[in-house]
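Protein chains: 2
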Amino acid sequence: MNDHLKSLLAEIDKAIQGIEPGRYPENLYDPIRYILDLGGKRIRPLLTLLAYQLYHDDVRKVLRPSLAVEVFHNFTLMHDDIMDKAPLRRNKPSVYKKWNENIAILSGDVMLVRVYDLLLEVEDPIVKDVIIRFNNCAVEVCEGQQYDMDFETKEMVTETEYLNMIKLKTAVLLGFSLEMGGLMAGASEPDLNYLKEFGINMGIGFQLMDDLLDVYADKDLFGKQVGGDILSNKKTYLLIKALELAHGEEYDALHHWLTVKDFNKKEKVNSVTAIYDRLEIEKLTKEQINKYFKMGLEDLTKIDVREDRKADLLELATYLMNREK
Amino acid sequence: MNDHLKSLLAEIDKAIQGIEPGRYPENLYDPIRYILDLGGKRIRPLLTLLAYQLYHDDVRKVLRPSLAVEVFHNFTLMHDDIMDKAPLRRNKPSVYKKWNENIAILSGDVMLVRVYDLLLEVEDPIVKDVIIRFNNCAVEVCEGQQYDMDFETKEMVTETEYLNMIKLKTAVLLGFSLEMGGLMAGASEPDLNYLKEFGINMGIGFQLMDDLLDVYADKDLFGKQVGGDILSNKKTYLLIKALELAHGEEYDALHHWLTVKDFNKKEKVNSVTAIYDRLEIEKLTKEQINKYFKMGLEDLTKIDVREDRKADLLELATYLMNREK
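If you're matching them up, the sequences are chains U and F in order.
Counting in this note's numbering, the first sequence runs from 1 upward without gaps.
Counting in this note's numbering, the second sequence runs from 1 upward without gaps.
Watch out, some of these pointers could steer you wrong.
All copies of an identical chain are treated as equivalent in the list; a pair is satisfied when it fits inside any one copy or across any two copies.
No farther apart than 27 Å at their CA atoms in a straight line, the calculated lysine-lysine pairs in the DSS-like style are these [stated by the list, open to error]:
1) K154 to K98
2) K97 to K85
3) K234 to K128
4) K234 to K98
5) K41 to K154
6) K310 to K241
7) K98 to K85
8) K128 to K61
9) K291 to K219
10) K261 to K41
11) K128 to K167
12) K92 to K283
13) K92 to K266
14) K286 to K219
No lab work stands behind these hints, which were simulated from the structure alone.
Please put together the full structure from these sequences, using the hints given.
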């Protein structure tokens with residue numbers, strides 16, 4: 001990342017430090033401070049600021065409201081970790097583990113209210129518009145999480161269903177983050193739409209890359225166990241594609257590994273990966289990722305500002321496309 | 001209740017039927033429809049409409065946004081039932097029992113977003129003010145629920161702490177319901193404050209009456225088991241007051257019933273009630289209730305509209321004060 005992006009991230013981090021979610025009762029507010037302090041890439045508010053900077057240089061007056069997308073993101077993590085029974089978040093105990101489920105539910109609820117406090121800090125004439133668009137996004141994120149949970153017990157998930165799920169669960173919030181930056185900058189309706197679509201397409205590509213890295217990442221760079229999704233039979237893009245393409249013995253072998261209760265972990269990861277290899281799932285997934293990144297970059301091109309103003313957004317997109325963890 | 005109140009309640013019920021929380025995924029939206037259709041007294045939107053009618057007769061344009069307080073109330077019930085492990089809600093399975101905890105968390109989250117959709121339906125000039133005041137209230141309701149949960153494991157809860165908890169958990173939402181009606185009607189700042197305080201004082205009295213009825217209700221009218229709070233050692237106003245006033249043998253007897261694991265239910269309820277009787281807890285609680293109701297009625301008096309316009313709010317307050325279940 002270039003120095004400008006790094007300095008924006010530093011400003012975002014400082015502003016997050018400045019968020020005062022509340023004090024008492026401590027069991028309600030400590031978890032909010034905790035999850036916000038766990039870190040993370042802060043991609044969403046960065047997108048908001050960069051979208052704003054397509055039009056105006058000085059981000060000071062939009063920095064605080066931009067945090068809304070980061071607080072909302074962390075709210076979804078706090079509740080998702082309960083639902084997904086995920087004991088760890090960024091290598092630390094997740095909130096429901098460190099405290100308990102009830103506290104994670106209620107702290108999350110307060111966080112969602114605080115998101116609206118931050119959204120209310122946009123300038124008066126756009127408050128209503130910002131909240132309407134945010135609400136559409138927030139509801140879609142919940143829909144995506146519900147589809148994801150529904151998929152766990154669903155026999156068959158199609159590629160289309162899966163792409164729709166990750167669009168809702170992950171991509172629309174990236175889209176809104178950019179759209180909100182544009183809204184605060186007074187961008188035109190077509191520009192707002194390109195910003196949103198840019199974010200959605202990047203987001204889908206980003207999530208597909210997550211699926212891919214879980215199997216094909218460089219172990220040393222990845223930082224967590226390679227093959228976790230395979231071990232938990234998670235319905236990722238790779239598995240859905242493999243189930244669609246496998247026939248005969250290949251299908252039976254895949255089905256075996258999805259149903260066997262007692263197995264050697266390494267053997268399962270290696271065997272399923274070998275099936276993916278024979279079906280060329282890595283190549284197919286990369287093509288799909290590139291398709292979405294390409295569509296995203298086309299959206300960026302269409303935004304009606306001078307090309308040189310788009311350099312930072314392009315830099316961030318490139319950084320995200322080339323990540324190895 | 002008089003015919004006017006009944007007709008307002010009918011309009012509220014019809015408007016609630018008209019709420020479209022969403023369709024798919026069904027596991028996300030069916031629970032919202034379900035909890036909204038379970039009924040309930042609809043006191044909160046009724047308070048909003050009656051506050052509005054202090055100033056204007058025709059409630060049509062404020063009916064929809066008034067539902068925000070009812071949807072928010074039901075959101076808190078959906079999440080509270082998970083936290084309190086309450087399997088029943090209005091004699092039907094609560095959402096987390098009928099579906100599961102994850103669905104109850106996520107459906108609740110969407111409901112909270114939908115609350116803001118309804119709040120956005122107020123007229124543009126007051127949108128921001130309404131949401132700011134609602135957010136303060138919503139955060140306090142969460143604080144109240146957290147204090148209530150904290151009390152379960154706390155050795156000693158003072159009367160002041162308890163009164164503050166029920167104010168936050170129950171009363172401030174009644175206060176906001178009235179305040180919102182006033183806001184939509186263009187009431188003055190002093191009037192808004194009296195409306196809010198009227199609701200808060202009534203709400204505290206209302207919650208204390210809940211505690212009282214759980215022990216001293218007429219079994220045939222009450223509709224649920226008398227003494228449930230005694231059996232579960234719930235830290236109610238009655239118990240807190242009794243622990244404060246009991247000494248010597250009386251205190252030991254009370255402490256015995258709070259710690260004994262193996263007991264006859266009827267004997268426990270009768271024995272603890274007998275202790276309450278000797279300490280005159282019923283009388284003390286009634287005095288406290290009357291104190292809050294009286295303060296509430298004084299707030300109502302101070303509102304700067306003709307006395308005859310207050311008749312319906314007075315009627316509702318009287319109805320709530322004299323309930324026997």
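Outcome of the hint check:
1. K154 to K98: Only across copies: K154 and K98 sit 19 Å apart there, 31 Å inside one copy, limit 27 Å.
2. K97 to K85: Close inside one copy (9 Å) and across copies (19 Å); limit 27 Å.
3. K234 to K128: neither (39 Å within a copy, 43 Å between copies)
4. K234 to K98: both (25 Å within a copy, 26 Å between copies)
5. K41 to K154: neither (32 Å within a copy, 39 Å between copies)
6. K310 to K241: neither (35 Å within a copy, 67 Å between copies)
7. K98 to K85: both (13 Å within a copy, 20 Å between copies)
8. K128 to K61: both (18 Å within a copy, 18 Å between copies)
9. K291 to K219: within (26 Å within a copy, 69 Å between copies)
10. K261 to K41: Result: close neither inside a copy nor across copies, 36 Å intra and 51 Å inter.
11. K128 to K167: within (25 Å within a copy, 30 Å between copies)
12. K92 to K283: Neither. Shortest intra-copy (34 Å) and inter-copy (52 Å) distances fail the 27 Å Cα cut-off.
13. K92 to K266: The answer is within: 25 Å in one copy meets 27 Å, while 48 Å across copies does not.
14. K286 to K219: For K286 and K219, the Cα distance is within 27 Å only inside one copy (19 Å; across copies 69 Å).
In this structure, the earlier hints numbered 3, 5, 6, 10, 12 are contradicted, and the remaining ones agree with it.
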